[in-house]
Amino acid sequence: MENVIEIRNVTIDYKLKRYDIRAITDVSLDIKRGKITALVGESGSGKTTLSSAILQCISTPGEVTAGSIKFFGKDGSETDVCACNNHQINKFRWEKVSMVFQAAQSALNPVMTVFEQFEETVREHRMGWDKKRIEERTKEVLEDVKLDADRVMKAYPHELSGGMKQRVMIAFALIFEPELIILDEPTTALDVITQDYIFKILQRINREKGISMLLMTHDIGVVAKFADYVGVMYAGRLMEYGDIRTVFKQRRHPYTAGLIGSTPSLIGSLDDMKPIEGNPPDLRDLPKGCVFSPRCPYRTDKCTEKEPEDYIKDGCLLKCTRYGE
Amino acid sequence: MRKTFVIATALVLLVVVIACFTGCIETGQSLNAEKSFRVISSWEKSGVGSHFNSGKNIGPLATFSVEGLYQYIRSTDEIIPMLADGMPVHSDDGLSTTVKIKEKACWQNGDDFVAKDVWAYYYLNHTTVTNYLLSVEEVDNKTVRFNWNPNRVPTNEVKDLLIAQDRQGSVCYTEFRVYADTAYDIVSRSADIPDDSTNWGAFNKFSTGELLSELNANFAAYRAHNATWFVCTGPFKLKRESATQILLEKNELHWNAENIGFDRIEVYSSSDQNQIYGLLANDQIDYLDGLAPIDTLNSILDSNPNMAHLKMYDPGSIGLIFNTEKVVWSDKVREAFQYIFDREQIKNAANPYAITSYYPLMGMAESEAKTWMTEEGFNELPKYSYNQAKAEELLKEAGWSKSGGKWYLPDGKEAELTLGTDKGHPGMSAAAIVVQSTLESFGIKCVIKMTDHNSWASAASMDNSTYDMSVYWTDLNMSFSYPTGSYIHFNSMMANVAHVPRFPDNYSNAQLAGQINYEFDGRGSKFADANGKVNFSTYLNNMYVYDSTEIKELIDIYNLGMANANWGIQFYQNVTGSFINIARIKNVPMQEYWTQNRNVEVVPEVGTEDFYEVARTNLIYGNGAIVTMGIYQPNA
Amino acid sequence: MEKENITAKDRIKSVLTKVWKAIVGFLYKYRYFWKKLGIAVLTLAFSTIVIFFIIRLIPGDIVREYALSLASSRNIPYDEAYRLAVSLLNYDPEESIFLQFFRYVGGLFRGELGVSLYNEDITANLLIKQRLPWTLFISSVSLLISFLLGTWLGSLMARKRNGAADTAISSYIVVSGSIPDYLMGLLLVLIFAYTWKIFPSQGNYDAFYSEPGWNFKFFYDVLRHAFLPVAAYVFVQTGTWTLMMRGSSIGVLGEDYISAAKARGLSERTITRKYLKRNAMLPLVTSLAVSFAALFGGSPLMESIFNYPGIGLELSARIGLKDYFVVQGIMFFTSSMVILVNLITDSIYSLIDPRVRKE
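Same order as they appear, the protein sequences are chains A, B and C.
Oh and the first sequence: position 141 is 141 in this note's numbering, straight run, nothing missing.
Oh and the second sequence: position 600 is 600 in this note's numbering, straight run, nothing missing.
Oh and the third sequence: position 358 is 358 in this note's numbering, straight run, nothing missing.
If you are wondering where the hints come from, they were derived from the structure by calculation, not from laboratory data.
Check each hint, because a few of them may be wrong.
Stated by the list, open to error - Pairwise CB distance ranges (calculated):
#	chain 1	residue 1	chain 2	residue 2	range
1	C	Leu108	A	Asp148	48 to 58 Å
2	C	Thr195	B	Lys390	49 to 59 Å
3	C	Asp256	A	Glu208	22 to 32 Å
4	C	Asp256	A	Lys154	47 to 57 Å
Stated by the list, open to error - Heads up, simulated DSS-like pairs for lysine-lysine below, C-alpha to C-alpha not over 25 Å straight-line:
#	chain 1	residue 1	chain 2	residue 2
5	A	Lys139	C	Lys322
6	C	Lys277	A	Lys154
7	C	Lys277	B	Lys239
8	B	Lys239	C	Lys274
9	C	Lys160	A	Lys15
10	C	Lys322	A	Lys132
11	B	Lys449	C	Lys322
12	C	Lys197	A	Lys91
13	C	Lys160	A	Lys91
14	B	Lys35	C	Lys129
15	A	Lys91	C	Lys322
16	B	Lys239	B	Lys35
17	A	Lys154	C	Lys274
18	B	Lys423	C	Lys129
C-beta: ideal position from N, C-alpha, C; glycine also.
All chains should be modelled from the sequences, with the hints used to inform the complete structure.
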């Protein structure tokens with residue numbers, strides 16, 4: 001299977017006045033074409049940073065200080081995202097890779113109607129579409145997300161409900177039929193029913209159009225239901241990566257085990273829920289060796305000596321000394 | 001960004017280049033090719049209206065366009081015939097005066113200026129002279145006769161001055177016919193004032209009740225009349241008028257058109273004194289009256305090599321007036337205060353060009369006192385000096401005590417005085433500050449309150465005023481120098497500040513009600529009453545009838561009486577000046593002085609030829625006479 | 001016959017009821033507007049009363065002061081000047097103050113804002129008509145320029161924070177905010193009018209050079225004379241707008257839709273122009289409207305320095321002359337303008353910002 005994005009040994013630093021914060025350390029990741037890849041982790045683990053790096057959209061003062069992010073197009077082209085200049089990256093954004101943001105409430109310009117914003121983006125990309133074509137395409141994508149196109153097109157953002165706004169954002173992301181859509185916690189602010197509805201839409205889009213998706217979330221349940229592959233991030237490092245069945249069934253990495261074990265089950269008793277002891281580390285003051293070691297129930301002396309390598313087992317990536325030789 | 005930077009640099013360079021080419025002021029020959037005279041004035045900005053008495057401030061038109069039969073020059077009392085042909089001719093019995101009008105005198109619309117116009121002027125405008133007249137007659141087209149009231153005939157000199165003071169060239173009979181005829185009619189129908197009455201009225205008539213209201217209504221209608229042309233006879237016509245500028249052009253029909261060299265008068269306006277100085281320094285105006293603080297004066301003359309400054313006496317003195325209603329001012333204390341101040345120092349701070357005076361408030365400025373008093377009388381005037389030791393002695397005699405460097409009143413309270421003055425007058429405010437510091441170092445606490453003129457005037461004149469004393473004009477003559485002027489002004493203005501005792505408002509003798517009630521020593525003259533005294537108000541309105549020899553006796557009585565009453569201290573006789581552009585204007589007087597030093601510091605002595613010439617250069621004193629007479633010519 | 005009458009009466013009744021209902025409905029629909037209007041009218045009435053009585057507190061006797069000025073300008077003795085002053089003034093000091101007030105209010109309803117005490121031809125209406133256009137000309141042009149310049153600089157500062165531009169503009173804001181506008185005016189006049197003689201030092205146009213009318217000479221003259229006053233105002237006012245815009249822009253830049261727009265591949269120019277500027281400017285629009293309303297009062301200090309015949313200078317001159325009714329008239333006009341503009345701004349704000357739409 002092909003990769004649509006290859007992330008190799010990427011390190012991202014936030015260069016502040018007095019010190020630098022290393023948000024992402026030596027992460028390598030493949031996003032498979034046509035599949036839904038999920039990235040899970042606690043808040044601050046680096047999911048958003050990594051994904052915004054794919055669009056060269058890291059909030060200042062962050063920058064990629066090592067590694068490469070390569071995009072492989074359907075037509076066989078290869079793009080080094082980090083090396084793109086202003087003009088190239090603007091073309092790249094939205095046409096090849098698009099993004100659905102976390103809080104759709106504020107991602108739309110409040111003083112423009114939905115159609116005006118769609119139209120504006122299209123014009124900026126100089127696709128050469130005339131007004132009729134833009135209208136038709138807008139209607140198309142809005143219907144893809146099961147919205148009443150006529151009503152929504154003329155509406156201002158504050159006139160739509162939360163769920164509708166999120167679906168508009170998804171439609172927006174589809175407008176140029178990109179090859180990859182990044183979804184950053186797309187349903188966190190919504191109720192579970194709408195959440196389910198939206199994921200079903202996403203799944204359909206993925207199956208029908210073959211658009212790859214990178215989904216960031218800290219909701220394990222959603223991952224289990226909809227994703228094909230999952231990566232687990234902790235303190236800016238990729239701890240485990242593999243296909244969904246393997247990772248969930250085997251829970252090999254201690255952190256992954258901890259995460260899944262701390263999710264309340266619909267049928268089991270609440271007493272079965274076990275949180276992970278301790279707190280995520282301060283990125284300025286990381287523990288020596290494996291960053292998870294202070295909280296890991298299986299830690300050994302080897303863990304505190306140096307950071308573990310990336311070990312591959314059954315096609316899954318594991319960053320834990322238990323699986324190393 | 002690059003583009004904006006480049007444009008900005010280009011603009012700056014452009015500005016610098018232009019700056020290099022706009023040079024400084026040129027000096028040299030023939031600077032006034034356009035034959036213009038540029039002045040500053042202020043006028044009613046929404047429109048000057050159409051005649052002299054509309055109630056609108058007509059500004060420069062009053063200086064250059066509205067004439068009278070004569071123009072008198074304030075401070076010298078020179079009388080120059082304008083519309084009149086020659087001086088007035090007095091009959092032997094003194095009961096009538098004839099004035100001939102110039103043949104060429106005419107209105108700016110072309111009509112002749114005739115005697116009927118003078119007649120109309122007087123029946124509409126009841127000026128001071130009408131109180132002494134029985135009637136004004138039209139003898140023929142170009143001859144007017146004034147018939148005096150035998151009960152109060154002024155001396156001939158005063159008759160001339162009274163007639164000269166008026167602007168007879170402001171009422172055109174053909175234009176104001178209706179109002180003039182009505183006014184004449186009402187006056188004729190009014191009752192005569194009986195011979196024995198002390199009342200006054202225009203043309204010896206007293207209008208009351210209905211007639212009075214008719215008269216007032218007629219005057220209001222006359223005032224409100226809007227003519228299609230500006231009614232005047234003068235050498236310059238109103239050409240253009242905006243809110244900030246006025247343009248006057250030469251009137252070719254004027255009786256002296258061939259001698260008037262200027263073609264146009266450009267009038268500017270400004271509300272800011274510093275702006276006005278700037279215009280002078282920048283050679284944008286040719287004339288300004290008044291003084292400037294010494295540094296400003298020098299810097300103006302330095303920046304503009306075409307400017308000279310002449311100085312002339314102001315018929316007034318500035319000093320300190322005591323508020324005699326306050327208990328603190330006993331006779332001895334007032335006398336003591338005459339010695340406390342270094343008047344020379346005050347003069348230097350307030351107006352370095354002025355003339356220091358060591359006299360008390362005495363009814364007129366020193367130069368006038370010298371002219372109008374007898375020699376013995378003048379020498380009897382009390383004269384003080386700067387002698388703080390003497391002051392201390394007198395204060396102690398008055399019951400004051402000094403301890404710890406501070407003075408205490410007889411009742412034991414610390415001495416503290418409030419001083420009021422007009423902050424808008426630079427001389428007064430500077431003098432007030434020196435007064436305060438002198439008193440403070442002498443040991444008397446002094447608080448200054450400076451406000452604008454109007455507020456000061458109200459606060460100082462009211463009963464129970466907060467001011468113990470004020471720095472202001474002690475003696476000032478608003479019109480011609482014939483003595484009554486300054487006494488009358490004292491009566492209406494300074495006497496209120498000094499709170500001189502007055503007759504009550506409901507006094508039995510209506511003529512004296514509200515007037516000053518103060519007795520002077522009669523000096524054994526014929527003017528004294530049975531008690532050998534002369535009351536201030538007795539002769540106040542009657543001085544005109546005494547000729548110049550008789551009047552000296554009376555003036556001695558008044559001046560010595562006021563000086564001995566010690567109502568105030570004279571610090572200095574004011575000197576004012578005029579800035580004149582000597583390069584653009586020819587025949588500026590005092591040439592032998594300004595060729596040496598453009599800041600002419602010499603103040604011409606009373607009665608010299610320079611005295612008369614320099615007074616004419618001040619357009620406030622003489623209006624546009626110096627231009628009309630053809631003395632000033634453009635350097636074209 | 002009777003039946004027809006009844007039905008006719010009923011028909012009239014029903015029509016009347018319908019009309020009545022329509023009127024009440026109309027009134028109810030715009031009830032917020034009526035409330036605002038009512039408050040506006042009350043404010044105006046209150047300010048009229050206050051102005052009327054406060055002016056009379058200025059000490060001084062009009063007749064005496066007028067007499068003094070006549071005496072010195074005409075070189076006549078004071079008592080003659082006093083008699084002249086009494087006859088020239090149309091002012092009766094004996095008249096009761098309340099009578100004056102009611103007479104004044106009556107005049108207001110007829111549209112007469114006030115007549116001068118010194119001459120009946122001079123009315124507040126005339127003065128406003130002559131002077132207000134000049135004041136508005138200078139003030140609106142400077143307001144517009146400083147607003148546009150300020151918003152541009154403000155958004156620049158917000159986008160390029162901690163750059164050289166930010167520091168330079170910040171210094172400019174501090175300096176220009178501390179210099180009072182008249183001082184700037186004096187400085188400009190000194191440099192440009194006196195030293196370099198590029199621009200005229202005073203006035204609104206040179207009456208010796210050009211005549212008012214639709215000709216190029218006049219327009220050129222007016223523009224030349226307007227340059228320095230406008231420059232002084234702009235220098236001093238731009239700082240405020242810049243600061244406001246900067247604050248607003250930084251707020252907007254932090255908003256999610258800006259980063260969303262960036263992610264969509266919109267160029268920085270587009271984002272600045274359409275997203276940043278428009279959204280950041282919205283709160284400033286109310287300030288703009290209020291500033292515009294304040295222009296109607298003119299600025300006596302600036303007008304005095306440039307000798308620009310505007311309404312501010314005229315008003316202060318009239319106050320000095322204690323020309324009660326004209327002063328009242330002009331102040332009434334100014335306050336009503338401020339109230340009116342505020343009312344209008346309130347009502348149209350919803351047109352600008354779709355988020356603020358009142359039902």
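Okay, the hints, checked on the actual structure:
no., hint, result
1, Leu108(C) / Asp148(A): 48 to 58 Å, "holds (57 Å)"
2, Thr195(C) / Lys390(B): 49 to 59 Å, "holds (54 Å)"
3, Asp256(C) / Glu208(A): 22 to 32 Å, "holds (29 Å)"
4, Asp256(C) / Lys154(A): 47 to 57 Å, "violated (23 Å)"
5, Lys139(A) / Lys322(C), "violated (71 Å)"
6, Lys277(C) / Lys154(A), "holds (23 Å)"
7, Lys277(C) / Lys239(B), "violated (53 Å)"
8, Lys239(B) / Lys274(C), "violated (55 Å)"
9, Lys160(C) / Lys15(A), "holds (17 Å)"
10, Lys322(C) / Lys132(A), "violated (70 Å)"
11, Lys449(B) / Lys322(C), "holds (22 Å)"
12, Lys197(C) / Lys91(A), "violated (55 Å)"
13, Lys160(C) / Lys91(A), "holds (24 Å)"
14, Lys35(B) / Lys129(C), "violated (36 Å)"
15, Lys91(A) / Lys322(C), "violated (71 Å)"
16, Lys239(B) / Lys35(B), "holds (16 Å)"
17, Lys154(A) / Lys274(C), "holds (19 Å)"
18, Lys423(B) / Lys129(C), "violated (34 Å)"
The structure shown violates the earlier hints numbered 4, 5, 7, 8, 10, 12, 14, 15, 18.
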